Amino acid sequence: MENVLTIRNLTKRFGRLCAVNNLSLTVDRGQVFGMLGPNGSGKTTTLGMLMGVINPTAGEYLWLGEKPTHHIRKKIGAVLEHPIFYPYLTGRQNLELMAMIKEAPASNIRRVLDLVELTGRENDKYRTYSLGMKQRLAIASAMLGDPAILILDEPTNGLDPMGIAEIRRLIQRIASDGKTIILASHLLDEVQKVCTHFAVLKKGNLIHSGPIDDVGKGAEVVEVSADVSDLDRLLDAFPGLQAVNRQNGCLSVTLKDGFRSQDLNRFLFEKGVVASHLVTKKKNLEQQFLEILGTHSESKTL
Amino acid sequence: MLLHLLRIDLKKMTGYRTFWVVCGLYFLTLGVTSASGMEFLKWLARTFEDFGSKLNINRVPLYHFPDVWLNLIWCSGLLKIVLGVMVVISVTNEYSYRTIRQNIIDGLSRGQFLTSKILTNVLLSLLSLVLITVIGLVTGLIYSPVLTFDRIITDTEFLPLYFLEVFFFLSYAMMLGILINRAGLTIIVLLLSRVIEAVITSHIDDQVPWLIKFFPMQSIWNLIPWPFPRYAFQEIQDWIDPLSVAIVLGWTLLFNWLSYLKLKRSDI
Numbered sequence: 002m003e004n005v006l007t008i009r010n011l012t013k014r015f016g017r018l019c020a021v022n023n024l025s026l027t028v029d030r031g032q033v034f035g036m037l038g039p040n041g042s043g044k045t046t047t048l049g050m051l052m053g054v055i056n057p058t059a060g061e062y063l064w065l066g067e068k069p070t071h072h073i074r075k076k077i078g079a080v081l082e083h084p085i086f087y088p089y090l091t092g093r094q095n096l097e098l099m100a101m102i103k104e105a106p107a108s109n110i111r112r113v114l115d116l117v118e119l120t121g122r123e124n125d126k127y128r129t130y131s132l133g134m135k136q137r138l139a140i141a142s143a144m145l146g147d148p149a150i151l152i153l154d155e156p157t158n159g160l161d162p163m164g165i166a167e168i169r170r171l172i173q174r175i176a177s178d179g180k181t182i183i184l185a186s187h188l189l190d191e192v193q194k195v196c197t198h199f200a201v202l203k204k205g206n207l208i209h210s211g212p213i214d215d216v217g218k219g220a221e222v223v224e225v226s227a228d229v230s231d232l233d234r235l236l237d238a239f240p241g242l243q244a245v246n247r248q249n250g251c252l253s254v255t256l257k258d259g260f261r262s263q264d265l266n267r268f269l270f271e272k273g274v275v276a277s278h279l280v281t282k283k284k285n286l287e288q289q290f291l292e293i294l295g296t297h298s299e300s301k302t303l
Numbered sequence: 358m359l360l361h362l363l364r365i366d367l368k369k370m371t372g373y374r375t376f377w378v379v380c381g382l383y384f385l386t387l388g389v390t391s392a393s394g395m396e397f398l399k400w401l402a403r404t405f406e407d408f409g410s411k412l413n414i415n416r417v418p419l420y421h422f423p424d425v426w427l428n429l430i431w432c433s434g435l436l437k438i439v440l441g442v443m444v445v446i447s448v449t450n451e452y453s454y455r456t457i458r459q460n461i462i463d464g465l466s467r468g469q470f471l472t473s474k475i476l477t478n479v480l481l482s483l484l485s486l487v488l489i490t491v492i493g494l495v496t497g498l499i500y501s502p503v504l505t506f507d508r509i510i511t512d513t514e515f516l517p518l519y520f521l522e523v524f525f526f527l528s529y530a531m532m533l534g535i536l537i538n539r540a541g542l543t544i545i546v547l548l549l550s551r552v553i554e555a556v557i558t559s560h561i562d563d564q565v566p567w568l569i570k571f572f573p574m575q576s577i578w579n580l581i582p583w584p585f586p587r588y589a590f591q592e593i594q595d596w597i598d599p600l601s602v603a604i605v606l607g608w609t610l611l612f613n614w615l616s617y618l619k620l621k622r623s624d625i
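Top to bottom, those sequences are chains F and W. Plus 1 on top of the position in the first sequence (first one is 1) and you've got our numbering. Plus 357 on top of the position in the second sequence (first one is 1) and you've got our numbering.
Treat the hints with care, since some could be wrong.
Claimed, not checked - DSS-like cross-link-like pairs, simulated, lysine-lysine; straight-line CA separation at most 25 Å:
(1) F:K257 to F:K272
(2) F:K282 to F:K257
(3) F:K75 to W:K619
(4) W:K621 to F:K75
(5) F:K180 to F:K75
(6) F:K135 to F:K180
(7) W:K368 to F:K76
(8) F:K76 to W:K621
(9) F:K68 to W:K368
(10) F:K126 to W:K368
(11) F:K135 to W:K368
(12) F:K75 to W:K368
(13) F:K75 to F:K135
(14) W:K619 to F:K68
(15) F:K135 to F:K76
These aren't lab readings, by the way, just hints derived from the structure by calculation. In this text the structure is predicted, and so the values were computed from the model without any measurement.
So here's chain F without its partners, still in its complex pose:
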């Protein structure tokens, strides 16, 4: 697997505040890499350093195995924080200017405008655009140089649910073209739906990094209900039981390591009970994320 981005011991201090602390990461080709963290955790500062607008205090990073130069940045499409354009220029003029900076062919402009479905409004001034259109123009501008790497920072910030779904579809479409995407967000649902890998930052420290498929590993939770009145007492005898909670009229059973939902089903059947509802609950990223943040703060206090 080819390394698209390698970060080594990257650190940024603003006076006494340490915004990013000794961060090391790698992103491989083809990954959709989610950067998670609460507001102020250092996501945007990190991306700012990677894109050359913030000077690192210490550490280094390599794009495609090379020391970063402004030439490399032309091959990366990036939108940090919120869309930035000249408000008095039209959407099209803004893209023309960017194409000049990126030294991208002007013929790409039509293609990216079509991609984000802004073709009808291209000749209106940028300041007349709605927030959703501004976000879409930003994604169009990031795609302008036909980049192999895309950096998106909170691309759905402030959008309505339809806009969010639209942007998500767009990201999935771009990812299916084999592009590497780095996506910073605090919307966990969004990251889980589109990312292949993720990292969690907290107060400038990297506290977790790994594939998204790992989410949901560990203790399994099974939701179960049956037409018997003493189901919870019955379950006490189940050897794989770790905990049981009543939730929405069902029992939510946390299993011990090594036990699966089949084991629970077999156990109930042997007791002569047929479950009317049996669902394995996949742990979602939100739970995992809170768990990671939680264990991290515990280990800090210890």
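Given chain F, put chain W in place with the hints provided.
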């Protein structure tokens, strides 16, 4: 490559209505005021007549070669402040819209960003120079009673100094914009520079008078001599002082270099 950078900055400016308005006003005012000196003289003569005295306007050869060059250059130099304000707006807009950040993210180096701004300054200074040269030639040819090649080219050595004067001031405006980042404050500092400097120099006038000519605003004042006392039968300096040229050049380089340092070191 340089041309490419200039085109990038012009692309930003040509879509900006304020740029056209300010530059249009500047070049219009430059053209109208410098070409209408004769009308002013006629008005002056009429006023004199109303009071019973006579003024022979042919005794004041405003537009005769070679006088026309210094007269035009000195007067047009006063208008450079308008272009300076335009440059401040152009630079501070990049900060307030944060487009400087996006330009760098998109793949300009900080040096290239600055170069694109400097090149626009060069272009504006060149346009001013061309306009003044044309007006000088046209009015000189119309009004001069004697036309010899010698007379026409006398004092044209001040034309490059005019270019330097405008470029010096635009570099100064650009540096202030990059250091201060906010349009209003920058324009106030730009307008008050001369006053602030005058206050300082008046205090050191007694101790170190030789130092005064090294102050930036004073150096630009010394670059091109004030031509009008010659009509009161006084001697004026009609040669170029190499020291004052060197001082102005030094400041110009320093302004651009400081802009570069600031851009290089700051987080954008």
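Comparing the hints with the structure gives:
1. With a CA separation close to 20 Å, the supplied pair F:K257 and F:K272 stays within the 25 Å bound.
2. For the hint pairing F:K282 with F:K257, the CA-to-CA distance comes to about 14 Å; that is within 25 Å, so the pair holds.
3. Restraint check: the Cα-Cα separation between F:K75 and W:K619 comes to about 23 Å, which is no more than 25 Å; the hinted pair holds.
4. Distance hint between W:K621 and F:K75 is fulfilled; the C-alpha atoms sit about 19 Å from each other, no more than 25 Å.
5. For the proposed pair F:K180 and F:K75, the alpha carbon gap of about 15 Å is at most 25 Å, so the pair holds.
6. Restraint check: the Cα-Cα separation between F:K135 and F:K180 comes to about 22 Å, which is no more than 25 Å; the hinted pair holds.
7. Annotation: proposed proximity of W:K368 to F:K76 holds, straight-line Cα distance about 22 Å (limit 25 Å).
8. For the suggested pair F:K76 and W:K621, the alpha carbons sit about 22 Å apart, so the restraint of at most 25 Å is met.
9. Of the supplied pair hints, the one linking F:K68 and W:K368 is violated, its CA atoms being roughly 31 Å apart against a limit of 25 Å.
10. Restraint check: the Cα-Cα separation between F:K126 and W:K368 comes to about 15 Å, which is no more than 25 Å; the hinted pair holds.
11. For the hint linking F:K135 to W:K368, the alpha-carbon distance of about 20 Å falls within 25 Å, and the restraint holds.
12. Restraint check: the Cα-Cα separation between F:K75 and W:K368 comes to about 19 Å, which is no more than 25 Å; the hinted pair holds.
13. For the proposed pair F:K75 and F:K135, the alpha carbon gap of about 21 Å is at most 25 Å, so the pair holds.
14. Between W:K619 and F:K68 the alpha-carbon distance is near 23 Å, which keeps this suggested pair within the 25 Å criterion.
15. About 22 Å separates the Cα atoms of F:K135 and F:K76, which keeps this hinted pair within 25 Å; it holds.
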